[in-house]
Amino acid sequence: MTVTRRTLVGIALVAPLSFVGTAFAADPIKIGYQLPLTGNTAQYGQDFKTAAEIALDRFNASGKLPVKVEIVYEDSRSDAKEGVAIARKFVDDEKIVGVLGDFTSGVSMAAAQVYKEAGMPQLSQTASHPDYAKISEWQFRNITTQAGEGPYNADWMVSKGLKKVAVIAEQTDWGQSVTKYFSDELTAKGGTVVMTEYFNRGTPDFRSLLAKIERAKPDAIYTGFFYEDGANFLKQMKQLGYAVPVFSTSAAHNQKLIELAGPDAEGLSLTTNFLPNSPKPEVKSFVEAWVKARGAEPGQFPAQAFDAVNIMLDAIVKTYPKTTRASVRDALAATKDFPGVTGVTTFGPDREPVKQLSKVRVVGGVFSPVAE
Amino acid sequence: MSEITRKGWVVPVLLLVLVFAVAPFTLAQFGKGYFFQVANLVLIFSLLAVSLHLVTGVAGLLHLGHAAFYGIGAYVAALMGTDLKLGFLWGLPAAGLVAALFALVVALPTMRLVSIYFAVATLAIGQMINTVLLNWVAVTKGPNGVMLFSGIKLFGFAVKGPLAVYFVVAVVVVASIWVLHRLSHSYYGNALRSLREDDQCADAMGIDTVRLKIEVFTLSAFFAGLAGALWAYTTGYVSPGDFNFSNSILILAMVVVGGLGSLPGAIVGAVLLILLPEVLRGLGDLRNVMVGLVMFVSILFLPKGLFGEVSALAFVRRNLGVKWGAAPSEREVGWR
Numbered sequence: 001m002t003v004t005r006r007t008l009v010g011i012a013l014v015a016p017l018s019f020v021g022t023a024f025a026a027d028p029i030k031i032g033y034q035l036p037l038t039g040n041t042a043q044y045g046q047d048f049k050t051a052a053e054i055a056l057d058r059f060n061a062s063g064k065l066p067v068k069v070e071i072v073y074e075d076s077r078s079d080a081k082e083g084v085a086i087a088r089k090f091v092d093d094e095k096i097v098g099v100l101g102d103f104t105s106g107v108s109m110a111a112a113q114v115y116k117e118a119g120m121p122q123l124s125q126t127a128s129h130p131d132y133a134k135i136s137e138w139q140f141r142n143i144t145t146q147a148g149e150g151p152y153n154a155d156w157m158v159s160k161g162l163k164k165v166a167v168i169a170e171q172t173d174w175g176q177s178v179t180k181y182f183s184d185e186l187t188a189k190g191g192t193v194v195m196t197e198y199f200n201r202g203t204p205d206f207r208s209l210l211a212k213i214e215r216a217k218p219d220a221i222y223t224g225f226f227y228e229d230g231a232n233f234l235k236q237m238k239q240l241g242y243a244v245p246v247f248s249t250s251a252a253h254n255q256k257l258i259e260l261a262g263p264d265a266e267g268l269s270l271t272t273n274f275l276p277n278s279p280k281p282e283v284k285s286f287v288e289a290w291v292k293a294r295g296a297e298p299g300q301f302p303a304q305a306f307d308a309v310n311i312m313l314d315a316i317v318k319t320y321p322k323t324t325r326a327s328v329r330d331a332l333a334a335t336k337d338f339p340g341v342t343g344v345t346t347f348g349p350d351r352e353p354v355k356q357l358s359k360v361r362v363v364g365g366v367f368s369p370v371a372e
Numbered sequence: 001m002s003e004i005t006r007k008g009w010v011v012p013v014l015l016l017v018l019v020f021a022v023a024p025f026t027l028a029q030f031g032k033g034y035f036f037q038v039a040n041l042v043l044i045f046s047l048l049a050v051s052l053h054l055v056t057g058v059a060g061l062l063h064l065g066h067a068a069f070y071g072i073g074a075y076v077a078a079l080m081g082t083d084l085k086l087g088f089l090w091g092l093p094a095a096g097l098v099a100a101l102f103a104l105v106v107a108l109p110t111m112r113l114v115s116i117y118f119a120v121a122t123l124a125i126g127q128m129i130n131t132v133l134l135n136w137v138a139v140t141k142g143p144n145g146v147m148l149f150s151g152i153k154l155f156g157f158a159v160k161g162p163l164a165v166y167f168v169v170a171v172v173v174v175a176s177i178w179v180l181h182r183l184s185h186s187y188y189g190n191a192l193r194s195l196r197e198d199d200q201c202a203d204a205m206g207i208d209t210v211r212l213k214i215e216v217f218t219l220s221a222f223f224a225g226l227a228g229a230l231w232a233y234t235t236g237y238v239s240p241g242d243f244n245f246s247n248s249i250l251i252l253a254m255v256v257v258g259g260l261g262s263l264p265g266a267i268v269g270a271v272l273l274i275l276l277p278e279v280l281r282g283l284g285d286l287r288n289v290m291v292g293l294v295m296f297v298s299i300l301f302l303p304k305g306l307f308g309e310v311s312a313l314a315f316v317r318r319n320l321g322v323k324w325g326a327a328p329s330e331r332e333v334g335w336r
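Going down the list, the sequences are from chains A and B.
Each residue of the first sequence is one higher than the one before, counting from 1 in the working numbering.
Each residue of the second sequence is one higher than the one before, counting from 1 in the working numbering.
Please keep in mind that the hints were generated in silico from the structure rather than gathered at the bench.
None of the values given here were measured: they were computed from a predicted structure.
The C-beta atom is built at its ideal place from N, Cα and C for all residues, glycine as well.
Check each hint, because a few of them may be wrong.
Derived Cβ-Cβ restraints for the label pairs, each shown as a range [said to hold, decoys possible]: (1) K64/A / P12/B: 28 to 38 Å; (2) K85/B / T187/A: 27 to 37 Å; (3) F157/B / K212/A: 49 to 59 Å; (4) D131/A / L89/B: 19 to 29 Å; (5) L276/B / V363/A: 47 to 57 Å; (6) L276/B / D155/A: 46 to 56 Å.
Covered stretches of chain B (in silico footprint by chain A; criterion: 3 or more residues with CB under 8 Å from a CB of chain A, positions within the stretch not fixed) [unchecked claim]: (7) 88-100; (8) 144-154; (9) 276-286.
Model the full structure from these sequences, guided by the hints.
Following this line, the structure appears as structure tokens:
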């Protein structure tokens, strides 16, 4: 931990202020949100918090409920130790009727054991582990898993005549599901996976991997990476002068990818269920609020968090005044055709979201929808 | 002598009463799972810190891969519970033994290394084990982690509820720490200290330093493995991220902040570094900085730790072990 003297002094001055209490309203309904506000994945957690604040402010201003809804944010640092402790804390607070989060599948699943035991509905905006929603009837997620996205991408590539595909993904539970579902569908549609390779998150050098891909002579590369690794990969690919089409998942749909990779990101194709330049009014107003708060366009993840919060709030409205953990769970399970910024969402009987995917490509430094 | 004997009983009894009566009673008063969870974490990390204390504090070997053995224990317990359907009573000792076995195998070639070379070797071992946990998908399920649903069963009875789980964790941890206490406060512990102070000199005195290092490394891994099994059973889900380098550093920080070479210090360090981030939750984003600040200030002003070795040894001698009273020279030496 690097701490300079100046920050120390600053903290010493500011720290007591954060204890100054919040005002009490008449019995607010509470939602818990566990997310990484610090640590290696803090950028995602901070995005979720901003998205949740936008959603909550609007909700409380709309007057849909006579009482206020509050969100209790707890920082998990993407650490299972903290995640489980937070889960217990939320369960102990009787006013909390539902929980959002966590960010990573690992922490979400460790916390899920607590929620399952205690009977607390948990809705994660990003947990993509194939077994997450299977833990119990209390787990929901608002992210299309690779079970939907992988085959969709495989079909897309096959329809473009790209049949020999090299598949690479980060070595995480999510990366595993990226390769599995994509490869199954590609093989079923008559394509071949010429190689499958995993890399560790935060790999600085993809050159040896790229050389390996080049030797396998694929028609295209299918990638499971987030924007940081994606930008590195695309830059180094361009440096090596290697040019084949690259396809990716919605995880790479982040404006930062284009900022980091610059012109090297051109031509990257991916699927998404959130288009910030969509003309839909709900998307427009969310993007406006986001730009006001952050000064840049939102990516896929904040949009998913925004929808997750709204889906949870919607479930609370439906159950009010008999809002309990059990009734919120049932209302969540009954979510049907919820009009969110990431498309219309319905929870299936397996508590997995059913969403519409769109195809986009980076053209001229923007993610542009394509019809293919 | 009778006075010493009486004194020798007071503190251990007080500590036992604290762990087995006062703490659970207070926690049960609150009736909250959260406090039990934090209490379990404190206990598990106390065991980790005390087991590392034996290697790093007493024997003076900078060990940067302790979390890896903790991870092996957790995975052994979790995989035995799910794949082999062997419950807690099998998983707990197996976790310790397998972790110890791994430690023994890696210790054989590395223990001849000294100082910084040893530290780098343990760093590499820790990273290797963590990478294997992450990438050996066929066995460890890789990044998907292992879900352990079965919970703790003792002799056919399911241990349910936070209070019962707390007691199981507390019994294992207290028994283990007692063993580690007897190891580090004995002639054996003194041999380890001689190793720390000057291993060449110890060698010249006839102490088999390499063998001693291998033993202490293996023993410490055994207890880290036990802690891993406790973590697996109290959480129900393990994944490689829980046993990475930053956890090794966290455990090391507990030992150093508490006082290098001091067993009570290691416990104090564990209690502090687990409780502090939880207590400071109200500070939001600043809490990590505050934790860092506390560590920084404590090292700055108390470089020997919160409970330094000298005072800790005096404390342990006075309260936890009886001195060898009437040595021929009438000087008090050694440990019971």
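Could you check the hint for me, namely that L276/B and D155/A are 46 to 56 Å apart, CB to CB?
With Cβ atoms ~52 Å apart, the hint holds.
Hint check for L89/B and D131/A - Cβ pair distance inside 19 to 29 Å:
With Cβ atoms ~27 Å apart, the hint holds.
Coverage assertion for the region 144-154 of chain B with respect to chain A, Cβ distance below 8 Å, three residues required:
Held - the region 144-154 of chain B has 3 residues with a Cβ nearer than 8 Å to chain A, which meets the minimum of three.
Within 27 to 37 Å or not, the Cβ separation of K85/B and T187/A?
holds, 34 Å
For the range 28 to 38 Å, tell me whether the beta carbons of K64/A and P12/B fit it or not.
Taking Cβ atoms as reference, K64/A and P12/B lie about 60 Å apart, which means the hint is violated.
Taking the beta carbons of F157/B and K212/A, is their distance inside 49 to 59 Å?
Given range 49 to 59 Å: holds, Cβ gap about 54 Å.
How does the Cβ-Cβ distance of L276/B and V363/A compare with 47 to 57 Å: does it lie in that range?
holds, 50 Å
Count residues of the region 276-286 of chain B with a Cβ under 8 Å from any Cβ of chain A, then say if the count reaches three.
holds (count 8)
How does the region 88-100 of chain B fare against chain A when you require at least three residues with a CB closer than 8 Å, holds or violated?
As far as the region 88-100 of chain B goes, the hint is violated, because 0 residues have Cβ atoms under 8 Å from chain A.
Checked against the numbered hints above, the structure violates hints 1, 7; every other hint is satisfied.
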